[in-house]
Structure formats: structure tokens, C-alpha cells
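Chain order of the listed sequences is B and V. Each number in this note's numbering corresponds to the 1-based position in the first sequence with 146 added. Each number in this note's numbering corresponds to the 1-based position in the second sequence with 1 added.
Keep in mind that the hints are not guaranteed to be accurate.
[Unchecked claim] If you want the footprint, here are the derived chain B segments under chain V, 3+ residues with CB under 8 Å:
#1 235-241
#2 317-327
#3 338-344
#4 418-427
Source of the hints: derived by calculation from the structure; they are not laboratory data. C-beta atoms are modelled at their ideal positions from N, C-alpha and C, and glycine is treated no differently.
Single-letter residue listing:
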Amino acid sequence: MQNAANDNVIRLDARREPRRCVATTTSGRPCRNNAVDGGDYCRVHQRPGAEAQSTTSSERPISDTELVDRLVDGGVDPSAIEKLRAFMSRRLKGDYPIDEFGYDRELTREILIPLIRPLYERYFRVRTLGVSRIPNEGPALLVANHSGTIPIDAVMMQYAVTTEHPAERVVRSVGADLVWTTPFVSHLARKTGNAVACDEDAYALLERDQLVAVFPEGFKGVGKGWSERYKLQRFGRGGFIEVALRARVPIVPVAIVGAEEAFPMVGNAKTLASLLRFPYFPITPTFPLLGPLGLLPLPSRWVIEFGEPIDMGQYPQGAADDKMFVFDLTDSIRDRIQQMVYKGLKYRGGTFL
Amino acid sequence: MDRGKRILITGVSNFLGLRIAKRFEDDDEVEAVFGVDLREPSVPVDKLEFVRADIRSPLIARIIDSNEIDTLIHTNITSHPSRLGGRSQMKENNVMGTLQLLAAAQRAKKIQRVIMKSSTAVYGMGPKEPSIVGEDHDNRHAHLYGYGKDCAEAETYVRDFARRRKDVEVVILRTQSLIGPTVRTNMTDYLSLPVIPTALGFDPRLQLVHEEDAVEAFGRATHDAPRGIYNITGQGVVFLSKAIRMLGKVGLPLLFPAAQAASSVLRRVGTVDFPPDQLQFLIYGRVVDYGRAREEFGFVPRYTTEEAIVDFRDHRDGSLGSQPRPAWARELPGLLEPGTGSKEYA
Numbered sequence: 147m148q149n150a151a152n153d154n155v156i157r158l159d160a161r162r163e164p165r166r167c168v169a170t171t172t173s174g175r176p177c178r179n180n181a182v183d184g185g186d187y188c189r190v191h192q193r194p195g196a197e198a199q200s201t202t203s204s205e206r207p208i209s210d211t212e213l214v215d216r217l218v219d220g221g222v223d224p225s226a227i228e229k230l231r232a233f234m235s236r237r238l239k240g241d242y243p244i245d246e247f248g249y250d251r252e253l254t255r256e257i258l259i260p261l262i263r264p265l266y267e268r269y270f271r272v273r274t275l276g277v278s279r280i281p282n283e284g285p286a287l288l289v290a291n292h293s294g295t296i297p298i299d300a301v302m303m304q305y306a307v308t309t310e311h312p313a314e315r316v317v318r319s320v321g322a323d324l325v326w327t328t329p330f331v332s333h334l335a336r337k338t339g340n341a342v343a344c345d346e347d348a349y350a351l352l353e354r355d356q357l358v359a360v361f362p363e364g365f366k367g368v369g370k371g372w373s374e375r376y377k378l379q380r381f382g383r384g385g386f387i388e389v390a391l392r393a394r395v396p397i398v399p400v401a402i403v404g405a406e407e408a409f410p411m412v413g414n415a416k417t418l419a420s421l422l423r424f425p426y427f428p429i430t431p432t433f434p435l436l437g438p439l440g441l442l443p444l445p446s447r448w449v450i451e452f453g454e455p456i457d458m459g460q461y462p463q464g465a466a467d468d469k470m471f472v473f474d475l476t477d478s479i480r481d482r483i484q485q486m487v488y489k490g491l492k493y494r495g496g497t498f499l
Numbered sequence: 002m003d004r005g006k007r008i009l010i011t012g013v014s015n016f017l018g019l020r021i022a023k024r025f026e027d028d029d030e031v032e033a034v035f036g037v038d039l040r041e042p043s044v045p046v047d048k049l050e051f052v053r054a055d056i057r058s059p060l061i062a063r064i065i066d067s068n069e070i071d072t073l074i075h076t077n078i079t080s081h082p083s084r085l086g087g088r089s090q091m092k093e094n095n096v097m098g099t100l101q102l103l104a105a106a107q108r109a110k111k112i113q114r115v116i117m118k119s120s121t122a123v124y125g126m127g128p129k130e131p132s133i134v135g136e137d138h139d140n141r142h143a144h145l146y147g148y149g150k151d152c153a154e155a156e157t158y159v160r161d162f163a164r165r166r167k168d169v170e171v172v173i174l175r176t177q178s179l180i181g182p183t184v185r186t187n188m189t190d191y192l193s194l195p196v197i198p199t200a201l202g203f204d205p206r207l208q209l210v211h212e213e214d215a216v217e218a219f220g221r222a223t224h225d226a227p228r229g230i231y232n233i234t235g236q237g238v239v240f241l242s243k244a245i246r247m248l249g250k251v252g253l254p255l256l257f258p259a260a261q262a263a264s265s266v267l268r269r270v271g272t273v274d275f276p277p278d279q280l281q282f283l284i285y286g287r288v289v290d291y292g293r294a295r296e297e298f299g300f301v302p303r304y305t306t307e308e309a310i311v312d313f314r315d316h317r318d319g320s321l322g323s324q325p326r327p328a329w330a331r332e333l334p335g336l337l338e339p340g341t342g343s344k345e346y347a
């Protein structure tokens, strides 16, 4: 079952830091991708004349965050202001493209991703492992564990892939109906590229060569109590495995460690939850005790590990119709993610420090 | 074919019926066009012979027989309760009308093809509905009301008809909301408001079909579509917020219950006839896939959703613009009341 013969993959060697790319990203920060073998640059920045990637190059499109940085620094460049104004007026006039699912690339990359950066880098100090195991192109299904009461693990995973993957791929998570009935959350979720948790959407995205992420534990995962932390819940009915089998796309198992402590759920006010029609109503050490302030996650350390892709093409055509086979495969993938979670916990060391 | 098609269009005085009739004016494969409605069409159409009749009356059977109709285009399904004098009248027209029309058609030996105008409203809306809906989507779990429910029920009669008359090619076209310089729909009324109410915290995706593309879809389906159900829409989507900005308008985000109240006030004063069941649209929107229509009978929309909105914005005053327009649309300034678009609903 294990598809081990993949030479391009960087071995998960606990504390070994691979060489980083020396280029500067469009937002003016050092690139965090790993350099390709024997080179100074990652796959994104590796092209002829890559040295011209300096921040002063005028041909390079200037991102708005960089513009803001420059304006704040006092180095006011009239052309930069002009470009910022053009960017703003374009956004206001509505002159930007989105795909059929509502993914707004510009908004996500230029505005939201930079906003998440401090949370990812400074607050949760996320370490991402094995991100280059995700194929550079073509469809794939990410299967991840789900925890942390508020599903910020999906956000962190999207950030990790968008910024650290060589091809800067976008993750299209599929979300349950609660996401789509919640004001503001619903349209942010749309605009950052997410879709509805149903087979149709998963197939449609995979057909468009997208990277689809599922959290098969669903509410059972995010809404589980503190005592069950890092114990993976049942993986639904294995629907996602059927999708991957029929679409013949590889499955990439993902383990996310750290979300559990960010928002530890010590109790569940069930009456209140059913009153508000929520699947659960979390009680944490800080919420609702501290009111809205209690919604702030605790600064736990995070590890996100992407596992070896599992090739679905190796199974016979009709495998998706064999329920027993689907259950077994579902179990084995769940098991693999569970092992990855344990390994990630060990690798992480201290929870908060 | 030894002789041209003899077509009967129901709802011929509505926007779609009339424009389809106009499209057949210079179509050599069409020999004669008959139209039934309760009102006379607002512009003259060559080839068209108008008969004032209710599709629920037995007269329909005689019209079909005596004129040797071989193609029936059923567009007499409306989404505007107030135009017909209330919801129950609307249902009577939409559902019973379709039932009786098909009863008449079932006996007609000459009928070869039935084309029905339905709507993507049959898919319903909700948080669990797929982001892009295909024709085979199972809508059993959708809660349908009003127009969507009418369309779904009328469709079941059409499908029953298709089972009983296997010799007849039955085509159902599910259209998205129409938009364009001359058409009037719930959507154009809504987007024509000076301030556009929206649901606070929600920004649905909008997918629309340009009026010319919708008419062309019916034209093509009349000749080429194999039996089946097809979604008809423009390509691409825009967020409602973006559409409002493109139109140079201001959105008014309301809490959803307030939006419901606002809609009922607007309906009462007659500005916008946005049925309450369609309000879900403000939260979820609805996007469909038209791939099947493209593959089966070569339907390719000329306008994307965005271009359709631009055309609606720029040529609502009756000006023609630079786009080459089909014959029926070139007469459009004559069809318009200045500034308001056509009187006829789609």
C-alpha cells in the first residue's frame, strides 16, 4: 500500500534543517522554500537571472503589502503610491477575477495571507514538514486530522502550503454547512478558495486539477473534549476515499499538531448548543469566562506534517464499489495519520515554550 | 427535411416567447410559428400567427391539431405572483397549465419535439448544495417553494409525457436568471434598485445568462438538442458585492430578518417582486454547469456573467452599443420604455 519509491521527497529527518532558498519573495521577505539540490534557489525562484530578484527591480510587480511597508518606512515612492491607488480603485470597481467557486486569488495572496503570517510564524511558531511531498501539479486529496474547537487548523494548513510549497499551490478545503451558514465566515471561506463538503464539489475541484483538503472527522474532530486530544475520531463513512478512488488521485495524509492546545475544550454546554443550533458549545479555560477575549487561541506550538502520497491508481477500477475495501483503506489511512500525529507530538517538544 | 418546422410557442407575449418567435423570422427551417397567450404580443412578428387562448383551455388541443404543429415550445411559466394576481393563480398557471398543455399534446400525432422552459430554481439553495450544480444533481432534499417548486412539478409532468410518448424528443432547458438591456426579471428589478439590499455577512456568487444567449439556446434546442435536461447559463461568476460595484451602486447590508422585511415592503409597493423564497439567494447564491448543453447541441454563450452585467448597465437606455446584435435584438429600442427596459417579464 505504501508508495515509498518517490525519490524527490525529502526524508523526514527530525531536526535536520534543509537549505533555504536565498531569494526574496514578492512581499519582501526571505523565501522560506527549500533550495533545490545543488542550487541556491527554490523551484519558484530558480530561473535565468534570478539574481535580478532584488527589491529595487522596477519590472517586478509590486505587491500591496510591500507598498504599505515602503510607505510606513518613510521611503515614499510616488510610483508606489500610484500603484497602491490603482490597486485600491481596481478592488473598489470590482475589476478582479474569481473562479467559479469564488476563489479570489488576489485577495487571498495579497491581503489575507500576509495577515495570517504573524499568527503562523510568531504566535503558533508552526513548523511544516514534508510539504514538497505534495505534487507540484495535478489533482491530489489532502486528508488531515481536525481539532481545536475553532477550525483554524484548516487556515494554518492552507497558509503552510501556499507559502512553503515550491509551486505555492492553493489548498481547497471542503467545509461543512455550518461554515456556509455563518455570516462573514461563509464569504471569507468562499473567497479563500474553499468549497462545500459534498462529493460533487470534490470531484469538480479534482477535475480542475486542484489540491482538495478534507477533514473526515468533521465536527467529531473539532468538537471533541480535552481528554480525547490527539485521538483521531471516526473517519465518517469513507466518502473521501471513494472520491479519491474514482477520480484516481493520490491521497496525501496530513497530521496537524498544536490545534488541540490552542483552544482546549474542557466542557460542552449541550443545552446552549442545541438552543443556538451549533453542533457543540465549547467551554475552555478562558471561554466564556473572559468573554470575547476568551476566543483568543492559546499560543501553542504547532507542527504540520505532510506524509508520503498514497497512489490510488494502484487499486483496481471497481475498488470504490467494494465497501469492505473502502472501510479497510479508510482505517489504514486514519491509522497512518494517527501515527504521524504521535510522531509530530514527539518532534514538537514543549507545548507552549 | 421535406418541409419546415411548424412551431407553437406558449407564453408568446412574454419576453422569452416573443424573442424566440422573432428569432425564427429569418430561420429557413421554420415554416410557421403560432403563438398563444392571453395578451397580444407588443411588437409584430413575421410568420407569427397569434391566437388568444389560455393554455388551460381545450382550445389548445384544436390549435395543435388543425395547424399540424410538430414542435411545441412551452415558455408559459412565470416567476411573478403579482402579475397573475397572487401565488395561487401563479401555481394554477404554471403547474396546471403545463399539465393540461401536455394532455393536449399527448394526443397530437404530429408532435415530434417538446421544449420546456424551466429554471435552475429547481435545484433549490442551501448550505449543503454543491458549489456548481450539474443536471443530474439529486434535489430530493432541497426545500423548494414558489417558483422553484412550480418548475420542479411542471418538469415531472414533462418527464411523464416523455415516458408515454417515446417518439417525441423532449427537452427541458433550465435557465439561470436572465439579464440584458431589454429583459425584465426579478434579478433586473433587484439590480435596478437605487440602493441594493444585501444580507449582512454574506456575499453570494451571481451567475446570470444574457437574454440573447438564452434566446439562442432555445433556437438551437429547437433544431438540434437530443432529448434531455440542460442547464443554460453564462460563463463565470461574480460576487454580488462586485456586481453592485460594477453597476456603480451602493449595497445596503441588512441582517437577514431585516432583509426579509425589506423585501416584503418592496413587494407591497411594487418596486421589486422578489418572492420570499428567492431571498435565500442573498445568502447562498446558485451556480450551475452548462457543459452538457455545450457538448450536446453546441450552446456557447456569447456573454460571460460579467459581460452580461456590463451590457445591462450600459445599454438599458435603449442604445445598441458596439456588439453585433441578432435581428430580433436590433429592434430593441422600439420595445423599450425609456430607462426601464421592457414591460414584459421573461
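Violated constraints from the hint list, given by number and in increasing order: Result: hint 4 breaks, nothing else.
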